[in-house]
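Heads up: the first sequence runs through residues 88 to 370, numbered per my numbering.
The set of hints was computed from the structure by calculation and includes no laboratory data. Backbone N, C-alpha and C define an ideal beta-carbon position, used for all residues, glycine too. A hint or two may mislead.
[To be verified] What follows is a list of derived Cβ distance ranges for each label pair:
#	residue 1	residue 2	range
1	PRO223	GLY287	44 to 52 Å
2	ARG354	ASN238	28 to 36 Å
3	ALA152	ARG360	34 to 42 Å
4	GLU310	ARG141	17 to 25 Å
5	ALA129	ASP259	32 to 40 Å
6	GLY127	PRO223	29 to 37 Å
7	LEU224	ALA366	33 to 41 Å
8	GLY287	GLY154	43 to 51 Å
9	THR344	LYS291	21 to 29 Å
10	GLU339	TRP122	32 to 40 Å
11	THR183	THR344	39 to 47 Å
[What the hints assert, rightly or not] Here are the simulated PhoX-like cross-link-like pairs (lysine-lysine), alpha carbons at most 25 Å apart as the crow flies:
#	residue 1	residue 2
12	LYS288	LYS353
13	LYS288	LYS244
14	LYS244	LYS285
15	LYS244	LYS291
16	LYS353	LYS285
17	LYS227	LYS285
18	LYS244	LYS227
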Amino acid sequence: MPELPEVETVRRGLASVMEGGTIARAEVRRPDLRWPFPDGMAARLTGQGVRAIRRRSKYILIDLASGESLLVHLGMSGRMTISGDPLGKFVHDHPTRVAHDHVVWDMADGTRVTFNDARRFGAMDLLPTGDETAHPLLAKLGPEPLGNAFNEEVLIKAFQNRNTPVKSALLDQRIVAGLGNIYVCEALFRAGISPTRKAGKIGKSRVASLVPIIRDVLTEAIEAGGSSLRDYRQADGELGYFQHSFAVYGQEGQPCTRDGCTGTVKRIVQSGRSSFYCAQCQR
DNA sequence: ATGGGGGCCTGCCGGC
DNA sequence: TGCCGGCAGGCCCCCA
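Assemble the whole structure, with the sequences as input and the hints as a guide.
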């Protein structure tokens with residue numbers, strides 16, 4: 088599921104039920120996801136007020152009253168689900184335990200937040216609030232694509248002399264942090280750039296054009312999440328999933344939707360990942 | 001330093 | 001109906 092827009096939508100959903108509240112009880116049902124959980128994670132969450140919930144790239148940061156922040160990554164299959172009655176006390180309306188429900192937080196108001204991750208590529212860790220830049224998972228991240236530190240000059244410089252396909256360059260979280268396979272495909276389609284083109288061989292003005300396009304693609308997806316979901320959740324309480332249509336991602340064999348283009352969307356494999364694009368109008 | 005490939009896990013889907 | 005291969009939106013690590 089999760090690239091930047093989906094993570095942002097999950098963040099907003101978590102914020103709506105956790106910010107200002109207290110984690111009355113934390114249950115950790117296995118010792119690890121991709122890596123071991125930090126020592127005593129359940130105890131370090133229990134009783135903690137939630138000050139704020141932030142996002143860095145595809146990571147969620149939950150700031151606790153203790154001065155620690157819980158770092159959460161959804162990996163490929165991580166999901167957050169909200170259940171419970173905010174006015175009751177740990178009511179019966181919680182769903183029965185489901186396979187791969189690994190972590191559960193019961194908020195003091197009766198809301199339950201459940202983290203489910205079938206493939207366990209997700210991660211959680213605790214770090215001192217404000218020490219994000221020192222954390223190994225965050226230290227090497229490039230600029231936020233929606234922030235000022237990401238701009239034309241920065242991207243042109245990052246692409247200079249890069250011999251890797253632009254697809255790989257945009258997936259490189261050190262260049263820009265938060266893009267994944269879907270939104271890279273969509274941004275390259277809008278920019279009319281082939282995913283196979285070497286990053287260092289693209290003209291400066293075309294590289295520059297990627298900056299507003301990346302911002303637009305991500306912003307539109309975040310807005311779609313905000314408008315198509317109630318409190319950022321779907322009917323079953325799961326956060327962050329929303330119906331979103333893509334111009335090229337998953338559209339193999341479909342006619343290109345660019346005005347006047349008669350091409351067909353193709354799927355190729357680059358570095359073991361699918362790339363979708365129109366070879367006729369993306370050069 | 002850079003670029004490419006393997007591996008981590010489980011679930012789902014299409015084809016035979 | 002059942003089995004099997006291929007595929008999945010991430011990211012770290014190792015190797016050349």
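To see whether the hints hold, each was checked on the structure:
1. PRO223 x GLY287: 44 to 52 Å: This hint is violated: roughly 29 Å between Cβ atoms.
2. ARG354 x ASN238: 28 to 36 Å: Given a distance of about 32 Å, which is inside 28 to 36 Å, the answer is holds.
3. ALA152 x ARG360: 34 to 42 Å: For ARG360 against ALA152, whose Cβ atoms are near 41 Å apart, the range 34 to 42 Å holds.
4. GLU310 x ARG141: 17 to 25 Å: holds, 19 Å
5. ALA129 x ASP259: 32 to 40 Å: Given about 35 Å between the Cβ atoms, the range holds.
6. GLY127 x PRO223: 29 to 37 Å: violated, 20 Å
7. LEU224 x ALA366: 33 to 41 Å: About 36 Å separates the Cβ atoms of LEU224 and ALA366, which means 33 to 41 Å holds.
8. GLY287 x GLY154: 43 to 51 Å: holds, 44 Å
9. THR344 x LYS291: 21 to 29 Å: holds, 27 Å
10. GLU339 x TRP122: 32 to 40 Å: holds, 35 Å
11. THR183 x THR344: 39 to 47 Å: This hint holds: roughly 43 Å between Cβ atoms.
12. LYS288 x LYS353: holds, 22 Å
13. LYS288 x LYS244: holds, 12 Å
14. LYS244 x LYS285: Since the Cα atoms of LYS244 and LYS285 sit roughly 14 Å apart, the hinted pair holds (cutoff 25 Å).
15. LYS244 x LYS291: holds, 9 Å
16. LYS353 x LYS285: Since the Cα atoms of LYS353 and LYS285 sit roughly 19 Å apart, the hinted pair holds (cutoff 25 Å).
17. LYS227 x LYS285: Measuring from Cα to Cα gives roughly 23 Å; hence the hint holds.
18. LYS244 x LYS227: holds, 17 Å
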